[in-house]
Amino acid sequence: MNHAAPLDLVAYFCAAASASILVVYLVRRPALTAVSRVWLLFGLGVLPIGLATAGNIQGYEATKQRPFCGSCHVMVPHASDSNDPKSLSLASRHGRNKLFGEENCYMCHADYGMYGTITTKIGGMHHVWAYLTEYRNVPVEQAVKTIHLYEPYPNANCMHCHSTHLEIWNRQPDHKAALEEVRSGKISCASGGCHGFAHPFTKPADVVQKADAERRDRLDAGADR
Amino acid sequence: MSIARLPARAFPRLIALSCVLGLAAIALMVWSVADPRPLQVILAMSIGQVLGTLSLAIFAFVVIADLRRTRLALAQKPEVTSE
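Respectively, the protein sequence lines represent chains A and B.
Position 221 of the first sequence, counting from 1, maps to 221 under my numbering, and the rest follow consecutively.
Position 19 of the second sequence, counting from 1, maps to 19 under my numbering, and the rest follow consecutively.
Just chain B, same shape as in the assembly (with noise of 0.2 angstroms):
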């Protein structure tokens, strides 16, 4: 499926999904800086940013995805000429 295709109604739900991943991201981090012990840090420093990459990646993907959508939709409408 070509990024142009996803169903807008998925872009919700996508969002949320990164922002879920993005506030465990955050949990994770925040725990490291006021616990900075052993697990802590890794676990901060591999799934933390794994985590946080991931919701950004998707955000990135939606906002993409929905730019090309747009376009698509403005370029597919038939032009209005004047007479």
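Isolated chain A (complex conformation) (with noise of 0.2 angstroms):
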């Protein structure tokens, strides 16, 4: 996991001071004088709080990355294969992305705009909920072909980058054509028959065969006009 290793050591110091402080003051038990008090205000308020401060943007860090969302076993499947450099689903082509690269996952499926951070802190807990009620004990292949989204994949967040507005989006005629209907999320960028399945493996193998024919039969048609 890539960690800003400047935090994890203010977070090791603050650990570390503020426990010595207050082991100390467990053996030896000094008297309550001004001195003591100002100690036991480093060990118990200044370094702590300062410890917090980096766990908090550490443990913040850690929940966008891949590996964190692929901690829970019914989730190894989709981590794995946006990791897969010879998978062409659209969450391993994303994960290939520069932009993307480890925090694919979290930057596909986070909620935007100004309160986007605490809806998706709390869809994430929502997530812990169900798997711990649901589905810690399902194996994997069954939770693969079970687990679903809450509500259908937004086109918004896809056009968080792909706008729909740049020239070079509209110069291709199926989204000339599907403009409004992509931007109302009529039709979802990430169906079977735009752009593909985001993780393909999770849905019945004779679906995404029809899915990726029906879509090189209209590359086909678009190449030759």
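It should be emphasised that the hints constitute simulated quantities derived from the structure, not laboratory data.
Mixed in with the good hints, there may be bad ones.
To give an idea of the chain A side of the interface with chain B (calculated C-beta under 7 angstroms), a few residues [to be verified]: (1) Ala11; (2) Leu22; (3) Pro30; (4) Leu40; (5) Leu44; (6) Gly45; (7) Val46; (8) Gly55; (9) Gly59.
According to the in silico footprint, chain B covers these stretches of chain A (three or more CB under 8 angstroms from chain B) [unchecked claim]: (10) 15-21; (11) 67-81.
Positions of the beta carbon are idealized from the N, C-alpha and C atoms, including for glycine.
Take the two lone chains and join them into the complex the hints point to.
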């Protein structure tokens, strides 16, 4: 996992210094004087607050990493496919993009907007709850078929990068023809007939094959035009 | 019981309790930094921070109680007047 090392060091320093002060107090039990109060203020206040701040930032950054998402066994196939250099799934193709990289799960599934981070974290807690209550003992093979999004994947997340306003995007006939449907979410970018499923191994093989064939035909027709 | 009337002998015990809670909070937070997985991160950001805040609150309570007790004791001392 990619950590910001300086923050780790800050957290470890604060933890070590604070723990030393507290252990020394517990062993020696000095009288409560002005000097001991100041030491305890550092041991119980200043240094733990430093540790909590560094730890929270580190924790927050860690939650964006693909290995974090893949740390629940039911997400291992999704994380492995994203990390597979030979995979042609949308998830993997985005994972190979430097702008997404190790954070591709978060980048595609995060809610954007003013309170996006908060709503994403609330959604993350929902995932943890669902894992503990429903999926903890479900075998991976079964989970891959049954896990689903709470709501259809919003095109707005794709449009965060692919705005649909650039000429190069509208030059593609399919884009131009379905512009309003794409913007309104009536047609999903990550559907079988368009850019393919983000995690195709979660779909039945015949559905994926049919979608791939349709897409190939459409691309061939586009090349002929 | 008002803060000033808290027996002074309780202070060291409360401070010791505060230190133990603080150490537990530190352990949870360090665990999440060293091994950031869902359970560790959630524990650090919930129980860890509650324990840390509680330990600081107990310390602040004891310090305020001790200061008030000292001030009350000084106020109750008879004033020494010079003839």
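Hint check:
{"no.": "1", "hint": "Ala11", "result": "holds, 5 angstroms"}
{"no.": "2", "hint": "Leu22", "result": "holds, 4 angstroms"}
{"no.": "3", "hint": "Pro30", "result": "violated, 9 angstroms"}
{"no.": "4", "hint": "Leu40", "result": "holds, 6 angstroms"}
{"no.": "5", "hint": "Leu44", "result": "holds, 5 angstroms"}
{"no.": "6", "hint": "Gly45", "result": "holds, 5 angstroms"}
{"no.": "7", "hint": "Val46", "result": "violated, 10 angstroms"}
{"no.": "8", "hint": "Gly55", "result": "holds, 4 angstroms"}
{"no.": "9", "hint": "Gly59", "result": "holds, 4 angstroms"}
{"no.": "10", "hint": "15-21", "result": "holds (count 3)"}
{"no.": "11", "hint": "67-81", "result": "holds (count 3)"}
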